[in-house]
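Produce the entire structure from the sequences given, and follow the hints as far as they go.
Quick mapping for you: the protein sequence lines, in order, are chains A and B.
Under our numbering, the first residue of the first sequence carries the number 3, and numbering increases by one thereafter.
Under our numbering, the first residue of the second sequence carries the number 33, and numbering increases by one thereafter.
Keep in mind the hints are simulated off the structure, nothing from the lab.
Only some residues are given here: those of chain A computed to face chain B with a beta carbon under 7 Å: (1) I11; (2) T41; (3) Y43; (4) F44; (5) V45; (6) A52.
To list a few chain B residues with every Cβ distance to chain A over 10 Å, as calculated: (7) S84; (8) P85; (9) R175; (10) P185.
Here are the computed lysine to aspartate or glutamate pairs in the DMTMM-like style, where the Cα-Cα straight-line distance is at most 20 Å: (11) A:K47 - B:E71; (12) B:K124 - A:E17; (13) A:K47 - B:D45; (14) A:K49 - B:D45; (15) B:K124 - A:D6; (16) B:K189 - B:E174; (17) B:K92 - B:D52; (18) B:K189 - A:D21; (19) A:K49 - B:E71; (20) B:K124 - A:E5; (21) B:K156 - B:E174; (22) B:K189 - B:E71; (23) A:K47 - B:D162; (24) B:K92 - B:E115; (25) B:K124 - B:E147; (26) A:K49 - B:E203; (27) A:K49 - B:E174; (28) B:K92 - B:E109; (29) B:K124 - B:D113; (30) A:K49 - B:D190; (31) B:K92 - B:D133; (32) A:K49 - B:D162; (33) B:K92 - B:D45; (34) B:K92 - B:D113; (35) A:K49 - B:E198; (36) B:K124 - A:D21.
All values derive from a computational prediction rather than experimental measurement.
Yeah, the Cβ is synthetic: ideal placement off N, Cα and C, and Gly gets one too.
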Amino acid sequence: MAEDLAGLIRSLPSEAFRDPPDRLLGLTFLERLRWLQETAYFVWKHKGAARARAPRGRGAGPG
Amino acid sequence: MRNGEGHVGYLEDMLASLTDRGVRFVVAGGVAAVLHGIERTTMDLDIALELSPGNVRRFKEAVDALGLRPLVPVPVEALSDPEMVRLMVEEKNAIVFMLADPGMPLRKIDVFLTEQLGYESLVKDSIPVDIPGIPLRVVSLERLLALKRAVDPPRDKDLFDIRAIERLMREGPKDG
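This is the structure:
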């Protein structure tokens, strides 16, 4: 099983493990617009959240 | 994707899906830069994932629920096998393991694979950050700067981030 997986990984071109440089070019106008909206929303809502550090025990990381 | 009464963006959706399942990870990259106060666009969610079998299993449940699929035909479970990670890093020069939504490729998570960017390395230099309902660990501003300076060759976005982080450390945050 692990040998099969190792063989599979070895068979893949290195480029498959890198971000395609033209990812944005493949998007439609509406997809780009949506991405801009989503990014702008996240920045507007959460920019600087790390300045208001609020330690909690739940979820990611060892607290 | 979550879309209830209040708007939930795809980045929040991905973060919430991971934390809801107790996945242990550290946020880095553009999302970390924004959380530290840098105004920039960001496409992917870059994370250092703890690669224990249990955590990778929880991570797989989360990405399955989000509809994200690996961009290479390698199962997510391979992340918990150190030999498979070594193969991807050393033989394929992979830095990240990419997962994306086939219907919306910008909904994407990049999991760091190299030891330098691994969970054990970054969690030591991370801080807790709570965005409403989503408790996170985010790489510190100082470590984020070090990571950006280590990118060789630097991309435009890395140079932008370096300048922005240095300005933030020098002048402090600009509100508004």
